[in-house]
Every structure is written in structure tokens, then in C-alpha cells.
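Going down the list, the sequences are from chains A and B. Heads up, the first sequence is in this note's numbering, so the first residue is 4 and it goes up one at a time. Heads up, the second sequence is in this note's numbering, so the first residue is 51 and it goes up one at a time.
Some hints here could point you the wrong way.
Chain B side only, calculated, beta carbon under 8 Å to chain A, not exhaustive [to be verified]:
no., residue
1, R103
2, Q113
3, D121
4, D124
5, E125
6, A459
Here are some chain B residues pointing at chain A (derived, C-beta under 10 Å) [stated by the list, open to error]:
no., residue
7, F129
8, T216
9, V462
Bear in mind the hints are in silico, worked out from the structure with no lab data behind them. Glycine residues also receive a C-beta, built at the ideal position from the N, C-alpha and C atoms.
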Amino acid sequence: MGDPRDEAFALAEVAIALIAEAGASDADATVTIADRFACEARDDEVTKLERSRGRGLHVRAFVGNRRSTLSTSDLSREGIAELAKRVVAAAAFVGEDSHAGLPDAVDSDGVCDHDLFTVSPDVAERADEDKIDEALAMERAIREADVRIANSDGSRVRDALVSWALVNTRGFRGVTQGSQVSRAAAPVALDGESKRIGHYGTAARGWENAESAEAVALHAVHRALALVGARKPATMRVPVIFERDAAAAVLDDLFAALSAANVAIGNSWLADRAGERVGNERVTIVDDGRLRGGLGTSPFDGEGVPTRETVAIRNGMLETYLSDTYWGRRLGMASTGNASGGGVGANNLYLVPGTGTLDDLVSTTERGVLVLDTIGFATEYASGVYSRGARGIYIEDGAPRYAVDEFTIASTFEEMLRNVDGIAGDLRFDGTIVSPSFRVAEMTVSGT
Amino acid sequence: MLTGLDPALLTRVLSRALRRGGDFADVFFENRLTQTFRLQDGQIREASSTVLRGAGVRVVLGQRAGYAYSDDLDEAALFRAAEAASLIARDGREHDVAVELASASAPALYEAHADEPADSARYVDLLARADVAARAFDPRVVSVNAFVTDELQYVQIASSDGRVVTDRRPLVALGVQVVARDGAQRENGYLGDGGRTSIDVYDVKTPESIARESARIATTKLGAREAPAGEMPVVIGAGGGGVLLHEAVGHGLEADFNRKGTSLYSGRVGERVASDLVTIYDDGDLPGERGTVAVDDEGTPGQHKVLVENGILRGYMQDRLNARLMGVASTGSGRRESFRVLPQPRMCNTYMPAGESTAEEIVASIERGLYATSFSGGQVEISKGDFVFMIAEGYLIEGGKITAPVRGATLVGNGPDAMTKVTMVGSDGRLANRSYTCGKGGQRVPVGVGIPTVKLASCTVGGTGRG
């Protein structure tokens with residue numbers, strides 16, 4: 004097999020030609036070729052071993068301003084040609100949409116020339132045997148860490164090299180590549196009759212920058228043990244501290260509300276609020292598509308618009324939504340380089356960190372809850388109501404007292420952003436949506 | 051159009067997969083065409099067609115599984131996949147393995163579906179009707195999004211124990227999301243329906259009825275109070291309330307967690323795990339339901355399973371790998387999202403049969419509590435069984451009567467604990483609308499849920515209200 008970038012590019016060219024032949028007036032084609040490896044160990048045995056090259060083609064076709072799309076894993080010429088005909092025929096049933104279409108012409112020369120450190124050479128160089136040994140070592144590390152660790156759901160080590168090419172009928176020609184590695188562990192601690200599973204994982208562009216296997220194993224053990232003996236807290240209104248990963252889950256929901264695709268249809272509490280205050284001065288939320296080595300970094304977005312750094316909320320003021328070309332046109336704004344998978348996606352979205360540590364937030368909290376983990380997901384983007392199940396640690400007099408679970412935390416997103424009264428400096432770019440730990444001055448904790 | 055791989059080729063691929071050893075190997079081939087139309091603000095905005103075609107080769111040895119897939123279906127590519135999968139069983143020896151395949155057919159459990167999608171005009175008409183009905187329902191409806199999707203998945207599963215089984219699975223869904231607005235307040239409502247059938251189903255389950263129900267949910271919430279906070283009795287509504295069983299109990303009874311001993315239900319078959327009013331089934335063989343599989347993704351027929359009977363745990367949901375290790379038979383629960391991933395033990399249609407109380411009696415028994423008509427989602431943590439449900443539509447119960455609607459409520463609790471607190475079960479048991487999708491380990495599969503009206507004597511409601 005040759006360079007997957009060349010293969011992706013050649014297939015995208017073929018697809019564009021076939022879709023034009025079928026009658027599309029404009030189109031873009033994205034071909035992704037991913038080489039993935041994954042292994043899992045449990046106890047002293049390798050339990051899963053996966054290695055594959057997966058390919059996919061995604062085409063957006065425009066017949067005038069009627070939009071139709073195709074996705075396929077059948078990359079044979081006949082397969083693409085047949086689907087192209089089907090897609091162009093279906094476009095006749097789509098309504099006229101004056102906002103639909105390719106981005107205004109982008110000069111693709113030079114777009115891919117900046118090295119954004121999306122490929123780490125140590126990914127291709129590392130032998131599978133070495134990764135398998137590492138997964139086994141993580142299993143040993145979690146067993147040896149504490150006598151209360153009685154079981155494991157398995158330790159996983161994975162990597163991927165993803166090549167993708169984007170070609171459109173207006174002359175855009177782009178091809179790029181990204182590597183990714185991840186490590187995850189899931190030890191189980193005994194808690195009387197019950198069990199506590201601790202999940203922790205990390206991801207990076209390369210092995211060199213990733214959190215070590217041992218650190219991941221120990222962090223997962225810490226999470227399993229932190230909740231041993233947890234009880235249900237009283238119902239109360241108190242400060243709530245979101246530890247890094249729980250904080251990132253809040254940012255995840257904020258991204259949905261910032262997405263022009265939700266804003267344009269009124270399915271966001273931030274709709275019609277551009278230029279207004281939606282949080283206090285501490286809150287600045289940035290999406291940076293060009294962050295060096297970021298997991299969401301790419302020279303151009305899913306439709307060939309160069310990526311950039313965008314401040315969505317600056318010191319509490321809503322400056323802009325995050326958008327692709329289509330939803331931007333609907334809202335009368337330019338694309339922010341956030342086209343992804345046919346919709347709007349985050350590149351590297353984060354809450355700008357403060358200073359200090361998570362411990363500082365805890366020690367300055369008289370009575371409250373440190374949330375280590377939330378469960379549940381958002382469905383209420385329109386109303387902005389926030390309510391999640393949570394697990395964590397009850398705090399009194401600035402010190403952790405005991406573990407708590409089976410409770411919810413509730414507020415609205417806007418009250419939360421207005422009540423953020425402390426942000427730690429512990430931001431890590433180990434995902435595409437990340438956050439430092441932060442504290443909200445008051446939320447409803449529902450327990451007994 | 052829908053044909054599988056040549057059985058002679060499958061035989062060679064399976065032999066190759068097992069040449070380093072292994073208890074068994076299988077090849078999963080699929081060819082799936084999905085046609086979708088989306089409507090927004092009264093216009094059809096997008097048509098999309100998706101083809102998922104490829105094959106995965108698996109080698110199983112004890113608790114080990116090696117896996118590789120290919121979207122290229124020629125012999126050389128499939129041999130490469132077999133080679134990669136075989137590495138899991140590397141024991142230094144070269145085996146000559148003879149495989150013979152005999153064809154088996156899947157039972158007929160789906161309603162008729164043509165090989166090709168229907169005329170595009172039919173999908174467009176369904177969406178236009180939904181849009182008109184949602185807007186006509188209430189002037190406060192400000193946005194309507196709807197989709198209709200029609201899928202036909204052809205699968206062929208060949209196993210080294212000699213079976214090659216094919217199945218042809220239709221799946222349709224139509225969903226309507228409504229945003230209603232009153233001043234600065236916005237609320238949404240959602241309803242979907244469908245099943246393993248053709249779009250003819252919408253002649254009966256009309257798009258108008260789905261759209262009106264979605265608009266009703268959104269506009270009801272416009273007048274809603276903040277949800278209360280704290281512990282109180284909770285009534286779970288018939289149908290969609292079945293998400294409770296899926297999350298609070300179902301996942302904990304999947305065989306992988308129990309074979310590994312990570313589930314709180316591990317090793318507890320025969321023990322009391324719920325109040326004696328609680329019986330839970332998981333059926334893969336209900337005709338036309340969304341979670342039905344005539345055969346699962348390992349070629350085992352879908353079947354009726356008793357998970358919990360009158361409060362006693364009866365058994366787990368098994369796929370082939372876990373069933374072998376636990377010394378039982380597969381229950382036809384081996385499912386996967388696509389050819390790109392390994393199968394896992396999964397639920398099909400999980401439900402509780404009807405009990406004896408009427409819904410009115412159940413509500414009347416509560417002085418102050420919450421009535422959760424339906425959930426918009428839920429999640430469970432397996433080792434201890436803590437769950438969360440987001441309530442899509444809920445009401446206060448005051449003085450034995452349903453009073454005001456509430457918004458923004460969640461339920462949080464512990465699965466086994468909640469099951470001991472089931473004190474009344476309604477006579478109105480039914481499956482919910484066919485619109486649920488379950489996620490596990492990053493894989494999404496269609497499922498069904500169902501439940502009669504059920505009373506939980508106590509559960510924590512997570513709202514912001516102080517009342």
C-alpha cells in the first residue's frame with residue numbers, strides 16, 4: 004500500500020468527476036483513510052487485538068441550490084457512480100435553499116503549508132508488541148496500586164493515523180494527516196457489597212506528549228477509590244466545583260448552544276443574544292483550529308475553509324457563534340472554520356484557564372461539592388436548563404470530608420456562567436473540548 | 051442487488067483466520083443502504099444516501115478476540131483481514147483447518163420492505179404533513195425539524211462451526227422536533243416512531259399524530275414550573291418509561307459485564323434483585339419492533355428471554371464469546387453497529403409485562419410526588435448501578451392528582467435499589483414508540499423499550515425548585 008494521502012486524494016478526484024457527470028452543478032468530496040490499531044489487556048491476558056484500514060467517502064452535491072449528500076464505504080468506481088446518480092436524483096426533491104452551496108472560493112495554495120504538528124512520527128514507528136506490553140503493564144499497575152482493587156474491565160492502548168483529502172468543484176485541493184494515540188484504564192474497587200469502577204483515559208497526537216501508561220493507570224485507580232463508601236448528600240444550595248473532566252462535559256454542552264446550527268433554528272438558549280453578557284468577566288471561551296498539535300487541529304475545516312482562532316465568549320460577553328458556511332449564511336455571519344462531518348463541530352474548544360490548582364478551589368470552599376463525574380446528557384439546549392447526575396466529594400471547611408453519589412446538580416447554563424467564581428490553571432489539551440477545573444458559586448444539589 | 055459473498059470464498063477466509071488456532075472464527079458481511087430526508091422551517095433541506103458495505107473477520111480464543119475488517123471485498127483484502135485477526139491466537143503452530151458451510155435462513159420477523167427505497171416524493175410528503183400539523187397545533191411553535199429515514203441492511207454471517215446465515219433487516223424512523231417560544235422562554239419537544247418495516251407504517255402512525263404530540267410536549271413545558279428537588283414518590287409513565295428498565299437493570303444483565311464480574315448483578319442468578327412485582331423480558335423476536343433481530347449479528351436467532359421473574363434474577367443476555375466462557379448458550383444478543391466493530395451482548399426489546407393496578411389508582415396513592423411521562427434519555431454506571439434519566443415530560447402529583455407540568459427534571463438513583471421500591475404496577479403495559487437507540491462502548495444499535503405505569507415509592511428528583 005502506498006501513501007494513504009495519495010490514495011485519498013485520487014479517490015476524491017474520481018468522486019468529484021463522477022458526481023459532476025451525474026449532473027451536480029457543484030460538489031465537494033472528502034475521502035478519509037484511517038489506519039487504526041487497538042489492543043486491550045485484562046489481568047495477564049491480551050483480550051482484544053484489532054488492526055484495520057477503514058476508508059470512507061463523503062460527498063456534498065448541489066444541483067443549483069438544492070443540497071444532497073452521500074456517504075459510502077464502497078469506493079469502487081461503479082459503487083460511487085451508482086450512488087452519485089441516486090443522490091442527484093434525490094436532490095430534485097429538496098427545496099430551493101439560497102444559503103446552500105460551497106464556501107466562497109478559497110485559494111487552496113499554501114493552506115496546508117504550515118506545520119501544525121498534527122502528525123507525531125513516533126506513532127508509525129512504534130511496534131504493536133510494545134503497545135500490547137504496555138496494556139499488560141497497565142493491568143499490573145492497577146492491581147499493584149491498592150489491595151481494594153479487585154477487578155478490571157480492561158486496559159486499552161490505541162493509535163490511529165488518519166489521512167483525509169478534500170476536493171471541490173471550485174478548485175479547492177487539500178490533503179492532510181493526523182495521528183492520535185490513547186490510553187485508558189478501568190479498575191474496579193470493592194466497596195462492601197458493591198463495586199466502584201474508575202474510568203480514566205487520555206489522548207494525544209503522539210506517544211511522546213501523552214500522559215504515561217502508569218499515570219493513566221494510577222489516575223483510574225484514584226478515581227475508583229475516591230468514591231468508595233459514597234453516600235447520598237442532603238438536598239442543598241451550595242458551591243459546586245467541577246473537576247477537569249466533569250468541567251469539559253459542561254463545555255461540551257456549551258458548544259452545542261454556541262453552534263450556529265442550533266442557534267439558527269432557535270434550539271439554543273444563546274439564540275438572539277450575540278453581543279450580550281451571558282457570563283461574568285472570568286469566562287472566556289475560545290475555539291482554536293490552529294493550536295499546535297491539538298487533537299482538533301487541522302489547516303482547513305470540513306469544507307476547505309482555513310481554520311482560525313475564535314473567541315466565542317470574551318470576559319462574559321457573547322462575541323460570536325461557531326459556524327460553517329451554510330449556518331453562517333443563515334445567521335448573516337462568516338464561517339469560523341468549524342465545518343465538520345456535514346455540520347458544525349468544535350476544533351479545540353476550551354475555557355481559558357486561571358491560576359492555581361484544584362486543591363486551591365477546594366480549600367477556599369466553606370461547604371460544597373467537588374464533582375468528579377457527571378452522568379446524563381443534554382437535551383435542553385433551547386431552555387438552557389442544566390441538570391445532571393453526579394458523583395464526587397462533599398467539602399466542609401475547605402477540606403474533602405466524604406464521597407457522595409446518587410445526587411443531581413442543577414441550575415441553568417446562564418446562571419452557571421454568571422456564578423463562576425474560580426477557575427484553576429489545570430487545563431490539558433487531551434480532547435477536542437477541554438476545560439480547567441472551575442467552581443460555580445451556587446447550584447442546587449438534590450440528594451435526600 | 052442484495053447478495054452476499056461467495057460461500058467458497060468465505061470457507062477459505064475462515065480457514066485462513068483459524069490457521070494459528072482459535073475456538074472459532076466468523077465473517078460478518080453487510081451491505082446497507084440508508085435514504086434520509088430532512089425538513090426544517092417548512093423546506094426539505096437535504097437528501098442523503100449512505101452505503102455501508104464491508105466485511106469483518108473475527109477469531110475467538112477463550113476470552114480473546116482478534117478482529118480486522120475491510121471495505122475492499124476481494125480475496126486478497128479479506129485474507130489480509132483474516133491474517134490480522136488470527137494474530138490473537140498466535141501459538142507458534144500452523145493448523146490446517148477445514149471449514150464446511152451449510153446455509154441457514156433467518157425467521158421472518160419483519161414487515162415487508164422492497165429492495166429499493168420508495169419514491170422520494172413519498173418521504174417528502176410525510177415530512178411536509180408533519181410540518182403543517184406541528185405549526186397548526188399552536189401559534190407558539192416557532193421551529194419544526196423533521197427527518198425520515200429508510201434503511202435496508204443485508205447481513206451474511208459465516209461461522210467456522212459450519213453455518214452461513216443471511217438476514218435482510220428493514221428499519222424506518224420518522225422524528226419531529228419542535229421548538230416552542232413564549233417571550234424569552236424556549237422549550238423543545240421530540241417524538242419519533244418507526245420500526246423494522248416499510249414507510250407504509252406511516253399510513254397508520256401518521257406524521258400528523260407524531261408532530262402534534264411533539265408540539266404538545268414543547269408547548270406544555272412553556273407553562274411548566276421548575277422541577278422540585280429531593281426524594282419523593284415517582285410514577286413512571288407507560289411505554290417510554292421503559293427506558294428505566296433498560297438503564298437501571300438491562301445493561302447490568304449483559305453477559306460481558308457479568309462474565310468479567312464488573313456488574314453488580316454478577317453471580318446472582320436465582321437471587322432476589324427486585325420487588326416481587328417486577329418481571330422483565332428482553333425479546334429479540336417481536337415482529338416489526340425496532341430492537342428485533344431475526345438473527346443477531348453472530349447468526350443466532352433472536353429470542354424471548356426472562357431476565358427477572360417476580361423479582362428473581364433468571365439470566366443474562368449472551369453473545370457467543372461470553373456464552374462459551376459461562377457454559378451456556380447464546381441468547382441471540384450479539385449485536386454490533388457495523389462491520390467495523392466487534393459484536394457485544396446487547397439488549398433487543400426490553401420491557402415489563404402488565405400488572406394489576408390502574409394508572410389512576412397509582413396516581414391517587416401519592417400525596418406529593420412526580421409523574422414522569424417520558425424520558426429523553428438516560429445513562430447508567432455498571433458497577434454500582436447508579437442511573438440518571440432526563441425527563442422529557444413530567445408533572446407534579448399533589449393530593450393524589452396530576453397538577454402542574456414541570457420542566458428540567460432528572461431522576462437519579464440506583465438500579466437495584468429502585469427495583470426494590472416498585473410498589474405498584476399498572477395494567478397498561480405496552481412498548482414505547484419505536485425510536486430508541488442505545489449506546490455502549492461507542493456502538494449504537496436500535497432498541498425497543500416498554501413498561502406499564504409503575505410506582506417507585508421513592509426516588510431522587512433533581513430539579514432547581516425549592517418547593
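Identify whether the interface hint at D124(B) stands, where standing means a beta carbon of chain A within less than 8 Å of its own.
10 Å, violated
Given A459(B) as an interface hint, is its Cβ closer than 8 Å to any Cβ of chain A?
7 Å, holds
Quick one, is the V462(B) hint okay against chain A at 10 Å, beta carbons?
4 Å, holds
Under the criterion of a CB-CB separation shorter than 8 Å, is E125(B) in contact with chain A as hinted?
It is violated, given that the least Cβ distance between E125(B) and chain A is near 15 Å, above 8 Å.
Can the hint on R103(B) be confirmed by a CB-to-CB distance to chain A that is less than 8 Å?
4 Å, holds
Next item in the hint list is Q113(B). Is there a CB on chain A closer than 8 Å to its CB?
5 Å, holds
Let's test the interface hint: is any C-beta of chain A closer than 10 Å to that of F129(B)?
14 Å, violated
Agreement of hint D121(B) with chain A interface, Cβ distance less than 8 Å:
4 Å, holds
Given T216(B) as an interface hint, is the shortest Cβ-Cβ distance to chain A below 10 Å?
19 Å, violated
In this structure, the earlier hints numbered 4, 5, 7 and 8 are contradicted, and the remaining ones agree with it.
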